[in-house]
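With the hints as extra help, turn the sequences into a complete structure.
Here is how the chains run, residue by residue.
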Amino acid sequence: EAAVTQSPRSKVAVTGGKVTLSCHQTNNHDYMYWYRQDTGHGLRLIHYSYVADSTEKGDIPDGYKASRPSQENFSLILELASLSQTAVYFCASSAWGGGDQDTQYFGPGTRLLVL
Amino acid sequence: GQQVQQSPTSLVLQEGENAELQCNFSTSLNSMQWFYQRPGGSLISVFYNPSGTKQSGRLTSTTVIKERRSSLHISSSQITDSGTYLCAMGRTSSGQKLVFGQGTILKVYL
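As given, the protein sequences belong to chains C and W, one line each in that order.
All the letters of the first sequence, read from the start, carry residue numbers 1 to 115 under the numbering used here.
All the letters of the second sequence, read from the start, carry residue numbers 1 to 110 under the numbering used here.
A few chain C residues that don't get close to chain W, going by computed Cβ distances all over 12 Å:
(1) 15
(2) 26
(3) 52
(4) 62
(5) 69
(6) 79
(7) 114
Just a sample of chain C residues kept apart from chain W, beta carbon distances all over 12 Å, derived:
(8) 8
(9) 12
(10) 14
(11) 16
(12) 17
(13) 20
(14) 53
(15) 67
(16) 83
Below, computed lysine-lysine pairings styled on DSS-like, alpha-carbon distance capped at 25 Å:
(17) C:65 to C:18
(18) W:97 to C:57
(19) W:66 to W:54
(20) W:97 to C:65
(21) C:65 to C:11
(22) W:97 to W:54
It should be emphasised that the hints constitute simulated quantities derived from the structure, not laboratory data.
Remember, it's a predicted structure, so these values are computed and weren't measured experimentally.
Every residue, glycine too, gets a C-beta built ideally from N, C-alpha and C.
Structure (structure tokens):
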């Protein structure tokens, strides 16, 4: 069974502070993703990566950085947290190759509250 | 504009009734996935279905690319089916940069 874990599971941060969200997968997947979900909205892609030491911008990258130090780990960094970044953040991973292999497996989510 | 539109926004059913959830997309796609999410929970893949019809138990997904739509049919709904169903469109042939719909909230009662 695919396994994606996230830490922390919840966090309270202060405006202007730095926040790092971590994601770890044991699926041996090449692709990893960071999404945010806001109340009443679907998920939106922030950053993704298809190989270690490389990241790509998603649809809403402003205010976020990403880091992929290894195949298993993918971090999302908020250098200067803002109130608008309060949301639930999901990490996901997928294989490469097309078809059912592109199915994305999601972590449990991190609830971030910026005050 | 919104590339993926889901309908209805919410749906309330009595146990045993059938549900039909719709997903319409405004651009061409390479894949379509359906996910299930419990309140406060993570997303679980229900179907990867870029075209045609797939069935798994009481769930059936049909994607018609030419008509830019996908549907999820739930037969004989159960209380445990309650939650949010999200469809997501993949814009690339692999790697799957997904664009999500806003979801359909399903509530099933006795």
